[in-house]
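Enquirer: All chains, full assembly: derive it from the sequences and hints.
Read off the chains here:
Protein chains: 2
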Amino acid sequence: MNTTSEHSQTTDLPVSDCWALLRSVPVGRLAVSVDGRPDVFPVNHLVDHGTIVLRTGAGTKLAAADRHPVAFEVDGYDADSAQAWSVVVKGTARSVERLHEVLDALQLPVFPWQDGPKPTVLRIEPDSITGRRIQVSGGYTATPTHNA
Amino acid sequence: MNTTSEHSQTTDLPVSDCWALLRSVPVGRLAVSVDGRPDVFPVNHLVDHGTIVLRTGAGTKLAAADRHPVAFEVDGYDADSAQAWSVVVKGTARSVERLHEVLDALQLPVFPWQDGPKPTVLRIEPDSITGRRIQVSGGYTATPTHNA
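From first to last, the protein sequence lines stand for chains D and U. The opening position of the first sequence corresponds to residue 1 in the working numbering, with each subsequent residue numbered one higher. The opening position of the second sequence corresponds to residue 1001 in the working numbering, with each subsequent residue numbered one higher.
Keep in mind that the hints were calculated from the coordinates and are not lab data. Any given hint might turn out to be false.
As the list claims (entries may be wrong) - Computed far set for chain U versus chain D, every beta-carbon distance over 10 Å:
{"id": "1", "residue": "Leu1013"}
{"id": "2", "residue": "Trp1019"}
{"id": "3", "residue": "Arg1023"}
{"id": "4", "residue": "Pro1038"}
{"id": "5", "residue": "Thr1051"}
{"id": "6", "residue": "Asp1078"}
As the list claims (entries may be wrong) - The following residues of chain D were derived to be distant from chain U, with all beta-carbon distances above 10 Å:
{"id": "7", "residue": "Ser16"}
{"id": "8", "residue": "Arg23"}
{"id": "9", "residue": "Arg37"}
What the hints assert, rightly or not - Ranges between beta-carbon positions, derived for each pair:
{"id": "10", "chain 1": "U", "residue 1": "Val1047", "chain 2": "D", "residue 2": "Asp17", "range": "29 to 35 Å"}
{"id": "11", "chain 1": "D", "residue 1": "Val15", "chain 2": "U", "residue 2": "His1049", "range": "26 to 32 Å"}
{"id": "12", "chain 1": "D", "residue 1": "Thr11", "chain 2": "U", "residue 2": "Thr1011", "range": "35 to 41 Å"}
{"id": "13", "chain 1": "D", "residue 1": "Thr130", "chain 2": "U", "residue 2": "Ser1128", "range": "25 to 31 Å"}
No residue lacks a Cβ here, since even glycine has one placed at the ideal position from N, Cα and C.
Expert: Next up, the structure:
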């Protein structure tokens, strides 16, 4: 479905699609509040039984996330359909100690966006999951369009 | 430069590199605090005279950003070198009314990640800019490595 309108078309995604998209990419961005000021940084993630598991380097940012509300975002662009998409998970992050060895055993992310000698594992229990797909105005498509 | 070590190698980037990377991608993620809870969403951006200009749909998230501290993040992955990178700008966002028409005239982002009939333009005046480049353990490279 292509659009020639001036404004792009937005579609809210069902939760099942959100989970599929969350599984489709290895890296997302974790937003936290540190002393009331927002911060955001890329992290590796996995979907695990209805939760988001993050593995990052230890640090003040992670301390800010542990047991606090967080927002986690993934996005992408499908060139075949000229559709951008994004999914945002909001919930509370909690550090997980025992899971660490399990994740190591699984050789979880081999894409350590966050570096550090003592990786920390956080699990986000979602309060809400929202996703949207946006038909991009002027975006290129794999099929011919009638755009000028 | 490839690495075979267990941990990835992180390099802090000079500010000039951060600006170049900010210019290199059309979409970043804006993190805000709404009633003390973090939120994050993808937005189009431009670099303009040492500031970040965002164009998004109007909404509560934008209202939360206007005249408040925000964090803005871009990231990417260079397959040639197996290096991931990210840049985070922190500062205060302010809505810009008169710039709107200028941006429209420039046909600014043709990639409206955020949709809406009344696009809002925000300008982030940076307080800090930080960037890192990370040699990814196990990342694929365009040149042969000695990894097993």
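Enquirer: All the hints need checking, so say for each whether the structure fits it.
Expert: Outcome of the hint check:
No Cβ of chain D approaches the Cβ of Leu1013(U) within 10 Å, the least distance being about 14 Å, so the stated non-interface status holds. Even its closest Cβ contact with chain D, about 18 Å, leaves Trp1019(U) beyond 10 Å, as expected for a residue assigned away from the interface. Every C-beta of chain D lies more than 10 Å from that of Arg1023(U), the closest at about 18 Å, which supports listing it as non-interface. Pro1038(U), annotated as away from the interface, has a beta carbon of chain D within 10 Å; the closest lies near 4 Å.
For Thr1051(U), the shortest C-beta to C-beta distance to chain D comes to about 18 Å, beyond the 10 Å cut-off, and the non-interface label holds. Consistency note on Asp1078(U): stated as away from chain D, and its beta-carbon is indeed over 10 Å from all of that chain's, at 13 Å minimum. Every Cβ of chain U is farther than 10 Å from the Cβ of Ser16(D); the closest lies at roughly 21 Å, confirming the non-interface assignment. Distance check on Arg23(D): its Cβ is at least 18 Å (rounded) from any Cβ of chain U, clearing the 10 Å threshold; non-interface status holds.
Not every beta carbon of chain U lies more than 10 Å from that of Arg37(D), the smallest distance being close to 5 Å; the non-interface claim is violated. The given range of 29 to 35 Å is respected by Val1047(U) and Asp17(D), whose C-beta atoms sit roughly 33 Å from each other. Hint check: Val15(D) to His1049(U), Cβ distance near 42 Å, so the stated range 26 to 32 Å is violated. Under the hint 35 to 41 Å, the C-beta atoms of Thr11(D) and Thr1011(U), about 40 Å apart, fit the expected range.
The given range of 25 to 31 Å is respected by Thr130(D) and Ser1128(U), whose C-beta atoms sit roughly 30 Å from each other.
Of the hints listed earlier, those the structure fails to meet are numbers 4, 9, 11, in rising order.
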